[in-house]
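Residue numbers (numbering that gives the first Met the number 0), protein chains in the order written: chain B, 0 to 188; chain A, 0 to 188.
Watch out, some of these pointers could steer you wrong.
Computed beta-carbon distance windows for the label pairs [claimed, not checked]: (1) A:Asp166 / B:Thr163: 47 to 55 Å; (2) B:Ser48 / A:Gln50: 18 to 26 Å; (3) B:His45 / A:Ser48: 40 to 48 Å; (4) B:Ser48 / A:Ala186: 18 to 26 Å; (5) A:Ala1 / B:Asp24: 51 to 59 Å; (6) A:Glu109 / B:Thr62: 32 to 40 Å; (7) B:Arg75 / A:Ser49: 16 to 24 Å.
Rather than coming from a laboratory, the hints here were simulated on the basis of the structure. Think of the CB as a built atom: it goes at the ideal place given N, C-alpha and C, for glycine as much as any other residue.
2 protein chains.
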Amino acid sequence: MARAGLSAEILTKAGAELADQVGFDQVTVTEVARRFDVKVASLYSHVKSSQDLKVRIALLALTELADRAADAIAGRAGRDALAAFAEAYRGYAREHPGRYQATRLRLDPETAAASAAPRHAQLTRAILRGYHLPEPDQTHAVRLLGGAFHGYIELEAAGGFAHTPVDPQASWDWIVDSLDALLRARADH
Amino acid sequence: MARAGLSAEILTKAGAELADQVGFDQVTVTEVARRFDVKVASLYSHVKSSQDLKVRIALLALTELADRAADAIAGRAGRDALAAFAEAYRGYAREHPGRYQATRLRLDPETAAASAAPRHAQLTRAILRGYHLPEPDQTHAVRLLGGAFHGYIELEAAGGFAHTPVDPQASWDWIVDSLDALLRARADH
DNA sequence: TTAATTTGCCTAAATCGTTTAGGCAAATGG
DNA sequence: CCATTTGCCTAAACGATTTAGGCAAATTAA
C-alpha cells in the first residue's frame, strides 16, 4: 500500500485551503482525509486532534498575515504606512477568507504568546512611530487600529454593507483617512 | 409521562443561557435537551434543526442588543449619545458573551433583513444626526463606528489586550473620545 | 544485502451529536 | 366523553471524532 506522504505541515496547508473554500468552521479531519484519499485515522499520527489541526491553521494564517503586513509597511511611514497596512489586512481577508477567520480562533495564552500575534501588535506600533504618540496613548491607538480594521473586515465579510449603495472601498479609504487625521491630531495636542 | 412545556421561545432562551455559559459554538441541541431532562428528538418538534436553534438565538441577541442600545441613546445627543451607545454594546458583550457571539452568526440575506440588524444601523445613524455629516460620509461613519466598536470588543474578548498593562476601560474611553473628535472634525470640513 | 527498527497508514470499534420515522399518551374542544 | 391535535417518546441511521492494535513500507545498521 503506497504512502501518501502526509505530515503536520502538509495537512495544515490543506486545511487552510479547505478553510478558504468552505469556511474555517467547516474544516474537519474527515474532509482533509478525503482530499488525500486516506483513512481518517491516518491523520491522527500527524495531528493530535481536530482542534490541534485548527490551531495549526490559525498559527499559519497569523504568520502569513504578519509577513504580508510587514512587507506592506517596509519603507513607508505615516499615512502611507497606515494605508498599506490596512490594505494588507483587507487584501488577505479577501483572498483567504477561511484563513482570516482562522486568525480569530481563541488560542490559550501560551500558544498565543508563541504565535505571530505579538508581531501584529509590534507592526502596529511601528506605524505609530510616525505619529509620535506618548504612552499610554500609543497603546490606546494600537487597540483602536486593531479593532477598527478587524471589525470593518468582519462586518463586510458578514454582508453587513450589502443593503447600502455605498462602495465599501470608498468607506475604507475614508476611514483610513479619518484615522490618519485622528492620530495626527492626537500627536499635536 | 408529564410534559416539559417546551416551545421554540423557551428553547431559544435556554440556548442563549447555555451560550453565555459555554460559548455560542458549544451550543448543541443535545445539551439543551439534557437541561430540560428530555430526549433530544423531542426538540425537533419545536426547532427545525441545530442550525435553526442557533439562528433563533442570534435573532434574540440582535433584538436584545438593539433594545439596549435604543434605551441608552434615548434623550442623549452628540458625544453623550456616542458614549452611551458604545457602553451599551460593550456592556452587553461582557454580560452576555455567548449571545454577543451569536450576533455574528452569518444569516442569509432575507433573515438578516427581517432581523433587528437594520435597527442597529438606524440607531447608529440616529447618533450621527448630532454630527451633521452629509452623505456618503454618514454611511462611511456608520461603518467606522460599527467596525471599531465590534472589533474592539472582539479583540478584548479574545484576550488580545492581556499582555499590555494598560486598562482596557481607559483605552475604550480614549477611543470614544477620539471618534467623537473625528466626527466633529468631519462635520466642519 | 539483509536484519532490525521505526514510521505510516490501515481495520475495527467506541463515543457523541444530528436527524427522521413512527407510536402512544396527554391536552384540548366540540 | 369522544375525536383530534399536540408533545414527548423509542428506535435507528448517519457522520465526525478518537483510540487501540496491526501490518507493511521506509530507514538504518550490521
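Checked hints:
no.	hint	verdict
1	A:Asp166 / B:Thr163: 47 to 55 Å	violated (35 Å)
2	B:Ser48 / A:Gln50: 18 to 26 Å	holds (24 Å)
3	B:His45 / A:Ser48: 40 to 48 Å	violated (33 Å)
4	B:Ser48 / A:Ala186: 18 to 26 Å	violated (53 Å)
5	A:Ala1 / B:Asp24: 51 to 59 Å	violated (38 Å)
6	A:Glu109 / B:Thr62: 32 to 40 Å	holds (38 Å)
7	B:Arg75 / A:Ser49: 16 to 24 Å	violated (47 Å)
Checked against the numbered hints above, the structure violates hints 1, 3, 4, 5, 7; every other hint is satisfied.
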